[in-house]
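Participant: Residue-level listing of the chains:
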Amino acid sequence: EAGVAQSPRYKIIEKRQSVAFWCNPISGHATLYWYQQILGQGPKLLIQFQNNGVVDDSQLPKDRFSAERLKGVDSTLKIQPAKLEDSAVYLCASSRQQETQYFGPGTRLLVL
Amino acid sequence: GESVGLHLPTLSVQEGDNSIINCAYSNSASDYFIWYKQESGKGPQFIIDIRSNMDKRQGQRVTVLLNKTVKHLSLQIAATQPGDSAVYFCAENIGNQGGKLIFGQGTELSVKP
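Protein chains in written order, with this note's numbering: chain Y, 2 to 113; chain R, 195 to 307.
Careful: at least some of the hints might be erroneous.
Straight-line Cα separation of at most 25 Å, DMTMM-like style, residue types lysine to aspartate or glutamate; simulated pairs [claimed, not checked]:
#1 R:K294 x Y:D57
#2 R:K236 x Y:E69
#3 R:K294 x Y:D58
#4 Y:K45 x R:D225
#5 R:K294 x Y:E86
#6 R:K236 x Y:D87
#7 R:K236 x Y:D75
#8 R:K294 x Y:E100
#9 R:K294 x R:D225
#10 R:K306 x R:E209
#11 R:K236 x Y:E100
#12 Y:K45 x R:E302
#13 R:K236 x Y:E86
#14 R:K294 x Y:D75
#15 R:K306 x R:E233
#16 R:K262 x Y:E100
In case anyone wonders, no lab produced these hints; they're calculated from the structure.
Construct the complete structure from the given sequences, taking the supplied hints into account.
Facilitator: Put into C-alpha cells, the structure is as follows:
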C-alpha cells in the first residue's frame with residue numbers, strides 16, 4: 002500500500018511571496034490532516050478534512066493560509082503572503098475515518 | 195489548556211539496553227494515545243497505540259504503558275538498536291474532538307554503539 006505523498010519536498014521563498022503544497026493521501030482514507038511542525042516542536046494541527054468537508058480549522062491562520070480538498074482525495078495548502086515565522090515543515094496525514102493517522106514525508110519551507 | 199509534555203528532551207542509551215521514554219498528558223477526556231518515531235528529514239512514523247480502556251500494550255520490541263490515574267504514558271523499547279535513534283513523540287486524541295491529535299514536544303533518543 003502506497004503511503005501519503007507530498008510535494009514539493011523542499012521550498013525556499015521570500016517573505017510576502019505565495020506558496021502551495023500538495024498532498025495525496027493513502028487510498029481509501031477519508032480523513033486528511035495538515036500539520037505545521039516548527040523546528041524542535043511536535044506537529045500542530047492546522048486543518049482536518051472529512052472527505053471534502055472541513056472538520057476543524059480552528060488553528061489555521063485564515064488571513065494567510067487556505068486549504069482545499071475539492072474532490073475528497075488530494076488536498077492543497079496555500080500560504081499567501083508568507084511570513085518569516087511560516088518557516089517550518091508542513092506535514093500531511095491521513096486516516097480511515099478518525100483512526101490512526103499516517104504521515105507523509107513533509108514539505109520543508111524556508112521563508113527568507 | 196491542553197498539553198502533552200515529555201519529562202526529558204534527550205535520552206542517550208547504550209546499544210542493547212532498554213529505553214524508556216515518558217510522557218505526561220493533561221486532558222482527562224483523552225481516550226486514545228499514539229507513539230510516533232520521527233527520523234531526521236522524515237515524517238512521523240506510527241509505532242504503537244493504546245486506548246484508554248487498556249493499561250498496557252505490546253508490539254515488536256516496544257511496550258506502551260498507560261497510567262490514567264496520574265495521566266502518564268511511557269514507551270519502552272527493548273534491546274535498543276542504532277536504528278532506533280530518532281525523536282519520539284507521544285500524541286493524545288481527545289475523544290470528542292473528531293480525531294484531533296495533540297502532540298508533545300518530543301524526546302530525542304540517541305543510541306551509542
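Participant: Does each hint fit the structure? Answer for all of them.
Facilitator: Right, here's what the structure says about each hint:
Between R:K294 and Y:D57 the alpha-carbon distance is near 8 Å, which keeps this suggested pair within the 25 Å criterion. Taking the CA atoms of R:K236 and Y:E69, the gap is about 24 Å. The hint holds against a cut of 25 Å. For the given pair, R:K294 sits about 11 Å from Y:D58 by alpha-carbon distance, which is consistent with the 25 Å threshold. Distance check on the hinted pair: Y:K45 and R:D225 sit about 19 Å apart at the alpha-carbon level, within 25 Å; holds.
Restraint check for R:K294 and Y:E86: the C-alpha separation of about 23 Å stays at or below 25 Å, so the hint holds. A threshold of 25 Å between alpha carbons decides the hint, and for R:K236 with Y:D87 the separation of about 19 Å falls inside it, so the pair holds. With a C-alpha separation of about 20 Å, the suggested pairing of R:K236 with Y:D75 holds against the 25 Å cut-off. Between R:K294 and Y:E100, the direct Cα distance comes to roughly 10 Å. Compliance with the 25 Å bound is thereby established for this hinted pair.
The hinted pair formed by R:K294 and R:D225 meets the criterion: a straight-line CA distance of about 11 Å does not exceed 25 Å. The hinted pair formed by R:K306 and R:E209 meets the criterion: a straight-line CA distance of about 6 Å does not exceed 25 Å. For the hint linking R:K236 to Y:E100, the alpha-carbon distance of about 21 Å falls within 25 Å, and the restraint holds. With a C-alpha separation of about 18 Å, the suggested pairing of Y:K45 with R:E302 holds against the 25 Å cut-off.
Our distance criterion of 25 Å between C-alpha atoms is met by R:K236 and Y:E86, whose separation comes to about 21 Å. At roughly 20 Å between alpha-carbon atoms, R:K294 and Y:D75 fall within 25 Å of each other, so this suggested pair holds. At roughly 16 Å between alpha-carbon atoms, R:K306 and R:E233 fall within 25 Å of each other, so this suggested pair holds. Between R:K262 and Y:E100, the direct Cα distance comes to roughly 21 Å. Compliance with the 25 Å bound is thereby established for this hinted pair.
Consistency note: the structure conflicts with none of the earlier hints.
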